[in-house]
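Knowing the structure of chain C, use the given hints to seat chains U, Y and S on it.
Protein chains: 4
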Amino acid sequence: MNFRSDNEADAHPAIIEAVSKAFRAGPVHSYGADPWTQKVEHRLREIFEKPDLCAYPVATGTAANVLAIASCCPAWGAVYCHPASHIAVDEANAPQFFTGGAQLVPIDGPAGKIDRRKLEEALAQPVYGVVHHPQPAVVSVTQASECGAAYAPEEIAAISTAARRHGLKVHVDGARFANALAFVGCSPAELSWKAGVDVLSLGATKNGALGAEIVIFFESAAATEFEFRRKRGGHLFSKMRLLSSQLDAYFSDSLWLDNARHANQMARRLVAGLTPLPGISLLYPVDANEIFVVLPARMHDALQAAGAQYHPWPSDRPGERAFRLVTAFDTQPAEIDRFLAIAKSSV
Amino acid sequence: MNFRSDNEADAHPAIIEAVSKAFRAGPVHSYGADPWTQKVEHRLREIFEKPDLCAYPVATGTAANVLAIASCCPAWGAVYCHPASHIAVDEANAPQFFTGGAQLVPIDGPAGKIDRRKLEEALAQPVYGVVHHPQPAVVSVTQASECGAAYAPEEIAAISTAARRHGLKVHVDGARFANALAFVGCSPAELSWKAGVDVLSLGATKNGALGAEIVIFFESAAATEFEFRRKRGGHLFSKMRLLSSQLDAYFSDSLWLDNARHANQMARRLVAGLTPLPGISLLYPVDANEIFVVLPARMHDALQAAGAQYHPWPSDRPGERAFRLVTAFDTQPAEIDRFLAIAKSSV
Amino acid sequence: MNFRSDNEADAHPAIIEAVSKAFRAGPVHSYGADPWTQKVEHRLREIFEKPDLCAYPVATGTAANVLAIASCCPAWGAVYCHPASHIAVDEANAPQFFTGGAQLVPIDGPAGKIDRRKLEEALAQPVYGVVHHPQPAVVSVTQASECGAAYAPEEIAAISTAARRHGLKVHVDGARFANALAFVGCSPAELSWKAGVDVLSLGATKNGALGAEIVIFFESAAATEFEFRRKRGGHLFSKMRLLSSQLDAYFSDSLWLDNARHANQMARRLVAGLTPLPGISLLYPVDANEIFVVLPARMHDALQAAGAQYHPWPSDRPGERAFRLVTAFDTQPAEIDRFLAIAKSSV
Amino acid sequence: MNFRSDNEADAHPAIIEAVSKAFRAGPVHSYGADPWTQKVEHRLREIFEKPDLCAYPVATGTAANVLAIASCCPAWGAVYCHPASHIAVDEANAPQFFTGGAQLVPIDGPAGKIDRRKLEEALAQPVYGVVHHPQPAVVSVTQASECGAAYAPEEIAAISTAARRHGLKVHVDGARFANALAFVGCSPAELSWKAGVDVLSLGATKNGALGAEIVIFFESAAATEFEFRRKRGGHLFSKMRLLSSQLDAYFSDSLWLDNARHANQMARRLVAGLTPLPGISLLYPVDANEIFVVLPARMHDALQAAGAQYHPWPSDRPGERAFRLVTAFDTQPAEIDRFLAIAKSSV
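Residue numbers (this note's numbering), protein chains in the order written: chain C, 2 to 348; chain U, 2 to 348; chain Y, 2 to 348; chain S, 2 to 348.
Source of the hints: derived by calculation from the structure; they are not laboratory data.
A portion of the hints provided could be inaccurate.
[To be verified] If you want the footprint, here are the derived chain Y segments under chain U, 3+ residues with CB under 8 Å:
#	segment
1	74–82
2	123–136
3	230–238
[What the hints assert, rightly or not] Simulated pairs of lysine-lysine, DSS-like, Cα-Cα distance not exceeding 27 Å:
#	chain 1	residue 1	chain 2	residue 2
4	S	22	S	40
5	Y	119	Y	195
6	Y	22	S	51
7	S	195	S	119
8	S	22	S	195
9	S	119	U	119
10	C	119	Y	119
11	U	22	C	22
12	U	40	U	195
13	U	119	U	40
14	Y	195	Y	51
Don't be surprised by glycine CBs; every beta carbon is placed ideally from N, CA and C.
Next up, chain C with everything else stripped away, as it sits in the complex (with noise of 0.2 Å):
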């Protein structure tokens, strides 16, 4: 009953399988010259629909996220984010690092997705070309949500839309992007470029990965100086087979879809059996597979003795305690139902 994160996961088979395989093949070329990052490249263009993108592999989903802002942000420009994001909270400062010192602005809304109305009025400043102001260069996304929340194609549209308007480019930290898109139901293109995307963070590592994430740009201009980028920060791995042939496998046979949809649907199993309890109480929808819930004290007491985990999370108002649960790739359903069977014993 671990539900602290989807990065505590094992990885799956599949993609254990494809790394094993790849460094058993003898001699390839090094640092991307390799036929597994070639294969994972046009893979991704016939998934997005998109014939000219193109996608770089990185190891972790700071680098992506940083390497991918950084390549359409001048150091003296602002990047829009929700307070909550995880380039704002969670990276260290890293996307200054890499901008070489862009400053992000918080631009609220709820269930951890930015509020299109504040980011427009954000952007309606007059700062455009006055030396003195940060100048807007680009919105970043989370794909689902840092709360488990999804955007719609729509809602990434109208945000893009009000981001070109000055533009700005769109930037979407899709470190959970296959749950979002298992959950809105649309192809990979509408929810990416087909709506204003310009470049995508997308990651593999939750969702059943060993470690590999993905940078993809729709516009194949903007990615000129990524490859300079990712070199200097020490990003470019010389035996690259290890991050493409996981992104291989990942891409193969919908692994990626499938992982996803079953974290998901093992998430909605969690909520569909927690939510008729007394005193349960969701912060935010369950569009993914992170549930954020307040759990009555008797319960969490139980469930802490049966040794379930999870993490504590934030509450607004006192006296309550909410918490974050997880589910991963390979969250068995008996699992939740434990978790469920305890909970229910200990109203």
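Chains U, Y and S in isolation, oriented as in the chain C frame:
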């Protein structure tokens, strides 16, 4: 007959196995709070006979080098290194990026090794505390050097003595430290902290891993900021077991030294077969697993025709063509012998 | 009738005279080893009753702020400041540049002043020592604030107490410190180090100088790296007397306070004349030399027609037009009176 | 008899006068929207016969150099410069700071001047577009060099041709450009853009100003980002007239060239008197206003005893003591003659 680079090689089966097993072990804490990461640090304390060293896994050699150097160099500092060093030539300004702008000062010497006397001369300049001048902060040596030569413990100690006299720290880029150690034949401690090394980037990727390096601080006090630097560089893995399970296997049962010894032996077997042939000359002594050699045109053509792979290398003498050949942990004696047979038959 | 900004004003004759004289004094040592620079530091030690303070002239307010902040904030640090603060809004990401990427965290409050309770709440987040999160490092307050309000010594002390409880340093952007001091009426020490301020950017440019600011560290230990930071920022003057001769005159014979007092009085004279008029309302208390005021349309038109100059200012209430008027050390009572006469006649 | 440095000299009365007047002119727009700043740019367009050049005042030579270089060098770029150049030796890593980490590559040559053939050799390395290697971006030459030698227009052109062949930009550190120009005797255009220079840091501080330099882009397109870089570096003056009134006087009535010519003549008078004396030898040709000379011990002692001031300079030959003597716009012939009389009498 692939002698292009040791980073084109497969991974060692024991390391592949360790990774596969680690990712089937069930949920573990993320970001390094897992059993493998702890084990690796403990094992290194034994191997290096230094109970208070601190060790941090990262994924690439560039990351290891620049995070290590940044930990002991202010933005207004100077880093003394060989003009052929990886940090000066092959890291796309990553050292300057991570230090906030340190200057690299080239100190020449034969076979890719810093000439101690030239270093002393450079360090004798009256720049200390003078606000205009970059402040001498770090000497970085590559062990084995980019020309395949190993520093003896006394050579490292002489450099350290010069460095410490002026308050500088000593960093070793040990991408091929195991190969150097296997050649020198002393203890790991004797080739590092006992010779005055402060921080070591210890490589595994080129020596049988899938992609893993580890930064070792021999004085734990020096490491306080390292974890912040690693995180803001995007180099902290959530599923850290990907790195630490590799390193755990690598440092078990002397695998790291066995691999290095084998690669070195294959290099020596190649040298032993080549040097008696007419028209052959070595550019540098072959201490580790890299051979820099002038090949007669007919021999080169014959080898190419037979499918041998290796890189050209700049030669100082006009009309002469030099090449780099690299052996690896999995180079087969039969490959060497076939290579030598072709070489001989071309004479 | 120029009330656009105090940085559009002339310089005070005594300061012009001091510069002229200094540059006819014959050769002096460069880079600050001149008599004026030494004198300024000594005088500040007396003025602030702090014999071990260190003081460094620079040319611009932005340079003073960001060099001061960078001296006490790591690259992974967070700087808490008002969302309207100059460092957040008007320095084109210079704070992030000089710190190597620190994050600015906005803490709101009335009249451009940080709300101590909101600060305490922000500082209570459990982020200390957690490698993912920007590390709280500095609180920066603007004195007088960008809305023309002054912090009382007790207000500064309350902020400092909150900051120090968590190990943060306190920086004051004192571009208009003299105006605040003239308003508050306490001693310079009471409004700075006795209230817990660690480092002060003390302005002269807006208060009668040609272009000079000075960074004051109240604990000399904090200043060790400052000179390197100033030099590598390109902010060390070879002919330092250009800055220090200005500052020498500025801090002599209470000129700095006389200038500030005059500017404040002119602002009060303006306020006293305006507030009785119908349709007038002040956005913020007028403590220093800046007035933020709603003017009726007819009054604004009449003033513009008569050649009065001042900037528009954003107003929250629809239909209302607000403006900023700034007085300076050399604003003439007659200008104020003429302005008021026009205003009155427009009613 | 102060020959320590031209930055220890007074300012020229006409420049002092211009500043004094500018700060009594009444209110003017800040941040460069004042009449002096516009006039300076217009005058430089005439002087350099280039109607579309853009010119930006800054306060220090380091600021001018590093803002100029950063404008044409990516963070992964390489800047080729003489090992004795100010940017390499005397700017505390400011070039690396402002470029985000560019590498300085030393190219040696006699008298502080880059050897064109060595430059060509360095630029011929096959590093272009290869992601591992710092990308050649800028050649920076110092005119006059740090050893007092001037490049002829043909020498600059030869370097520019080599640079442009590989797509690099050419920067001139012209802290003593006026002295070089006075020596060479050609037009400003011939010594700059007609010889292939892209951006020039043109100094005034060492040649009679209080503290002012100006960055000139000969192609306006290159300058688009400059104003953001200047602001975020803290180098935009609110009371810009402090800089531009100096520069206005400096470029009026040939003052800049008159000052330089005088300083050069004083240097030649010194050389003419010294070289016939026994034991005297010059380290470099004396083109501008700096003399590097070996003085016999007795002569040095006699000069010191008489109060002559100048700096020691490293000499290659053991037992020999060399010195640097710098003349300035206000050096008096009588000072030279007194110096020479003492020197002669010591023989």
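Against the structure, the hints come out as follows:
1. 74–82: Three-residue rule met by the segment 74–82 of chain Y, so holds; n is 3.
2. 123–136: Answer holds; 3 residues pass the 8 Å Cβ test.
3. 230–238: Holds: 5 residues of the segment 230–238 of chain Y have a Cβ under 8 Å from chain U.
4. 22/S with 40/S: Answer holds: residue 22/S to residue 40/S is near 15 Å, not above 27 Å.
5. 119/Y with 195/Y: Holds, at about 23 Å.
6. 22/Y with 51/S: violated (37 Å)
7. 195/S with 119/S: holds (23 Å)
8. 22/S with 195/S: violated (36 Å)
9. 119/S with 119/U: Holds, at roughly 21 Å.
10. 119/C with 119/Y: holds (21 Å)
11. 22/U with 22/C: Holds: residue 22/U and residue 22/C sit about 14 Å apart, inside 27 Å.
12. 40/U with 195/U: holds (23 Å)
13. 119/U with 40/U: At roughly 41 Å apart (the allowed maximum being 27 Å), residue 40/U and residue 119/U break the hint.
14. 195/Y with 51/Y: At roughly 10 Å apart (the allowed maximum being 27 Å), residue 51/Y and residue 195/Y satisfy the hint.
Checked against the numbered hints above, the structure breaks hints 6, 8 and 13 and satisfies the rest.
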